[in-house]
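Number of protein chains: 2
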Amino acid sequence: MAEDNKYVEEIVRRILIGTGNKGKFKEIERILKGIGIEAILPEEEVKVEEKGNTFLENAYIKAEAYYERFKMPVLADDSGLVVYSLGGFPGVFSSRFWEIDYGGYEEPVPDKDTANIRKLLRLLKGKEDRRARFEAVIVLLLDKDRGVFSRGVCEGYIGECPKGDKGFGYDPVFIPSGMERTMAELDPEEKNRISHRGKALQKIVDFLKNMPKD
Amino acid sequence: MAEDNKYVEEIVRRILIGTGNKGKFKEIERILKGIGIEAILPEEEVKVEEKGNTFLENAYIKAEAYYERFKMPVLADDSGLVVYSLGGFPGVFSSRFWEIDYGGYEEPVPDKDTANIRKLLRLLKGKEDRRARFEAVIVLLLDKDRGVFSRGVCEGYIGECPKGDKGFGYDPVFIPSGMERTMAELDPEEKNRISHRGKALQKIVDFLKNMPKD
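Line by line, the protein sequences are chains A and B. If you're matching positions, the first sequence starts at 5 in my numbering and goes up one per residue. If you're matching positions, the second sequence starts at 5 in my numbering and goes up one per residue.
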């Protein structure tokens, strides 16, 4: 029991963020800072094959790989864009949509984000149903055999062309429900409040708040 | 926050056990009772396709299906036998090992447990390395977007022939490390203390204990 408490203290103070994506790290760091938790950027990125069929599985695969390497509580996420009229694609393939065997390939020029967006807009060309959701699953692995997970969803639709230069990934073409701006036109604070990752992270934060501090 | 607390109270009092397996229910019920939590047996079994590649994914699939149907906190597990010399098989296929396309099929007579054990003993015949582990992953889904998971492992080896009539599944051929009896020869209390499911459940129990009660 004494050991349990020591351990909870450790969690509440410092959490390794299992990502090599600086944009993602900054989003998470900002939110954790608000409850007095220090987000640690790994000294090096741990490469894993995200072979899961679901966001939960991929988030767990990442968290486990970072835990194995750094032996401290790890928070990892997997997220993606789920487009209803594309049967849920790109889903777990969001970050490499340009190169997968669905709807044709796209040259990764000038960069992968742009290629992914080009492919998406091509596949949705002329389609009336442009509804989509961003979905994020976060796994907080406390030790190798125990963890917490949460899911956050942001419903919206895909715009006709990219707008805005904040954020990353599909942000420039994703317009959250009830808004007229794309996710890439929102300030970080505004984005965190409504985003899939922000919502999922808030649920993890609620867990951490509920844990005894001493 | 008020809502959060109400919700934690609810969790601590009653948890639906997402299983149709009475043996498993009784094991879990006994352990939860020890910390004042009532285990609820579902009015009807919810059938799901356990198509995940991992115990975590399958446990989550089950928990989600029960949550969708009963809208209350659900505990579900997935577990299996991992045999080292069989490259990890039967693993997630443990309960239907007899019928999968690995190592030949087995007639399910007189019952599936027996068929699974027969196939296992056939595949291990003459093998020196009989090491195996039972592994369980438990998911406690608190609401549709938030949960806790834990993993428990019991290392051991596969005996030459079935012994004992307690427990279920592969228990009659699994001999825990350091013991001379099979899992099916242990009393329920003794089994819960060392079993994969018992250990995984204990970790979930630690979580629940750490949650505020009012």
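Mixed in with the good hints, there may be bad ones.
Since the list can't tell identical chains apart, any single copy or any two copies may satisfy a pair.
[Said to hold, decoys possible] Restricting the straight-line Cα-Cα distance to at most 27 Å, the calculated cross-link-like pairs of lysine-lysine (BS3-like) are:
#1 K213 / K75
#2 K148 / K195
#3 K167 / K207
#4 K28 / K148
#5 K195 / K75
#6 K116 / K148
#7 K131 / K213
#8 K75 / K131
#9 K148 / K55
#10 K129 / K26
#11 K167 / K51
#12 K28 / K131
#13 K51 / K75
#14 K170 / K75
#15 K131 / K37
Honestly, the hints are just simulated from the structure, not real lab data.
Checked hints:
1. Both within a single protomer and between protomers do K213 and K75 lie at most 27 Å apart by alpha-carbon distance, with minima of 23 Å and 24 Å respectively.
2. Taking the shortest Cα distances, K148 and K195 sit within 27 Å of each other only across copies (23 Å), while inside one copy they are farther apart (32 Å).
3. Proximity of K167 to K207 under the C-alpha cut-off of 27 Å is found in neither arrangement, the shortest distances being 29 Å within a copy and 47 Å between copies.
4. When the C-alpha separation of K28 and K148 is checked against a cutoff of 27 Å, the pair qualifies both within a copy, at 23 Å, and between copies, at 24 Å.
5. Taking identical chains as interchangeable, the C-alpha atoms of K195 and K75 are never at most 27 Å apart, the minima being 31 Å within one chain and 30 Å between chains.
6. For the identical chains of this complex, K116 and K148 are neighbours neither inside a copy (33 Å) nor across copies (33 Å), given an alpha-carbon limit of 27 Å.
7. In this assembly of identical chains, the alpha carbons of K131 and K213 never lie at most 27 Å apart, being 44 Å within a copy and 52 Å across copies at closest.
8. Taking identical chains as interchangeable, the C-alpha atoms of K75 and K131 are never at most 27 Å apart, the minima being 48 Å within one chain and 36 Å between chains.
9. For a Cα distance limit of 27 Å, the shortest separation of K148 from K55 qualifies both inside one copy, at 20 Å, and across copies, at 24 Å.
10. In this assembly of identical chains, K129 and K26 lie within 27 Å of each other by CA distance neither inside one copy nor across copies; the values are 32 Å within and 53 Å between.
11. Within a single copy, K167 and K51 get their C-alpha atoms no closer than 31 Å, and across copies no closer than 45 Å, so neither meets the 27 Å cut-off.
12. Taking CA atoms no more than 27 Å apart as the test, K28 paired with K131 passes in neither setting, with 31 Å inside one copy and 49 Å between copies.
13. Taking the shortest Cα distances, K51 and K75 sit within 27 Å of each other inside one copy (16 Å), while across copies they are farther apart (38 Å).
14. For the homomeric pair K170 and K75, neither the shortest alpha-carbon distance inside one copy (33 Å) nor that between copies (38 Å) is at most 27 Å.
15. Taking identical chains as interchangeable, the C-alpha atoms of K131 and K37 are never at most 27 Å apart, the minima being 42 Å within one chain and 55 Å between chains.
Checked against the numbered hints listed earlier, the structure breaks hints 3, 5, 6, 7, 8, 10, 11, 12, 14, 15; every other hint is satisfied.
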